[in-house]
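*Asks:* One letter stands for each residue in the lines below.
There are 2 protein chains.
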Amino acid sequence: MTQPDLDAQFAFLAEADKLKSVMRANTLIDLSRHENSAEHSWHLALYAMVLAGQAAPGVDLGRVIQMLILHDLVEIDVGDVPLHSAGGQAHDSPEIQQAEAEAARRIFGLLPAAQGAAFLTLWQEFEANQTPDAVFAKSLDRTQPAIQNIASGGAGWRDYNVSFADLEQRAGRKIARGLPAVWDWLLPRVKAFFD
Amino acid sequence: MTQPDLDAQFAFLAEADKLKSVMRANTLIDLSRHENSAEHSWHLALYAMVLAGQAAPGVDLGRVIQMLILHDLVEIDVGDVPLHSAGGQAHDSPEIQQAEAEAARRIFGLLPAAQGAAFLTLWQEFEANQTPDAVFAKSLDRTQPAIQNIASGGAGWRDYNVSFADLEQRAGRKIARGLPAVWDWLLPRVKAFFD
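Chains as they are written, first to last, in the numbering used here: chain A, 1 to 195; chain B, 1 to 195.
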């Protein structure tokens, strides 16, 4: 590792500090404030460790955790686009996807070239949501906000007028795909909230 | 995985949410507020990924990242004890060590028994700072606040009247042990701050 590599790496790590100021739709469980994307990413890594026993055969926990640590860095440029904003359309729009892809190139481009390319590839794998590792990671990313909402009385869901059908469509299907037993556990609790 | 296991695991993950409200001595780089221990833990996991090439032979990056995700959970009960508080004595006092050990037993004790025991063992390995994985993890835990301080004009260091000798003693030695090239990179920058 050369000194210029360290210059680039510490520039990237300083840029990453900005993710602590990107605010999300859901709150902390104690309702004291909204959650930011950096602490959300930490919580997801802990979710991955705790729920590793639920992962499909062949899932590599280490790769999943690395995906989750990186997955929201693009929000430094694009902001968090809430899952339930604008009727759920905005979250997956081509405009947002393009803006996030540009952000990924800029932010991972701060690193030494080979390392930046490896991180970009891992982020793209998460976004594509096709490999077993990505499917497990994406399921965790849908599970944690549901738990935050259930435990805090649904503050985030109420702010966005979310219905049970919305939640099943936008979160439930992805949770059920990677973490079927967790969706079985969540379903009666989510239904109880919307009843 | 049984439903009672999931009950215990989600109780643990909800308890962990409180780490987002434990505040640290150092600030965000933009000085907008102090950093909390959850987002600090996320940043350290990213540091581990970025600086993995600096790790000693035999270091297991996946274990290091898991250690870093867990390492501050005891602060939910004990709070963050700043490295430079009370002349640097409080941080390593037997009283703090005992309180943290009790916190670890309570918090990891929320999990199913075998998983809680495994997490406790990983936390104890980090604290003991003897294995190559722990030495690398501890070096990262000393590097990140130094970078935050240098990049933000030393707000945290000023608040605690830290001198160059303090910093070399309490952080520099641990950084040099696990990340010698990083300490070489940091040293002139730290010196420039205290000059």
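Honestly, the hints are just simulated from the structure, not real lab data. Just so you know, these numbers come straight off a predicted model, no measurement behind them. Check each hint, because a few of them may be wrong.
Same chains, same label: a pair holds when it works inside one copy or across any pair of copies.
[To be verified] Straight-line distance between alpha carbons at most 30 Å, and here's what the computed DSSO-like set of lysine-lysine pairs gives:
| hint | residue 1 | residue 2 |
| --- | --- | --- |
| 1 | Lys191 | Lys174 |
| 2 | Lys18 | Lys191 |
| 3 | Lys174 | Lys18 |
*Asks:* From the Cα coordinates, with 30 Å as the cut-off, is the pair Lys191 and Lys174 best called within, between, both, or neither?
*Replies:* within (17 Å within a copy, 51 Å between copies)
*Asks:* Within a copy, between copies, both or neither: which one fits Lys18 and Lys191 at a CA-CA cutoff of 30 Å?
*Replies:* The answer is between: 26 Å across copies meets 30 Å, while 36 Å in one copy does not.
*Asks:* Checking an output row: Lys174 and Lys18, CA cutoff 30 Å. Within, between, both or neither?
*Replies:* For Lys174 and Lys18, the Cα distance is within 30 Å both inside one copy (28 Å) and across copies (27 Å).
The structure agrees with every numbered hint stated previously.
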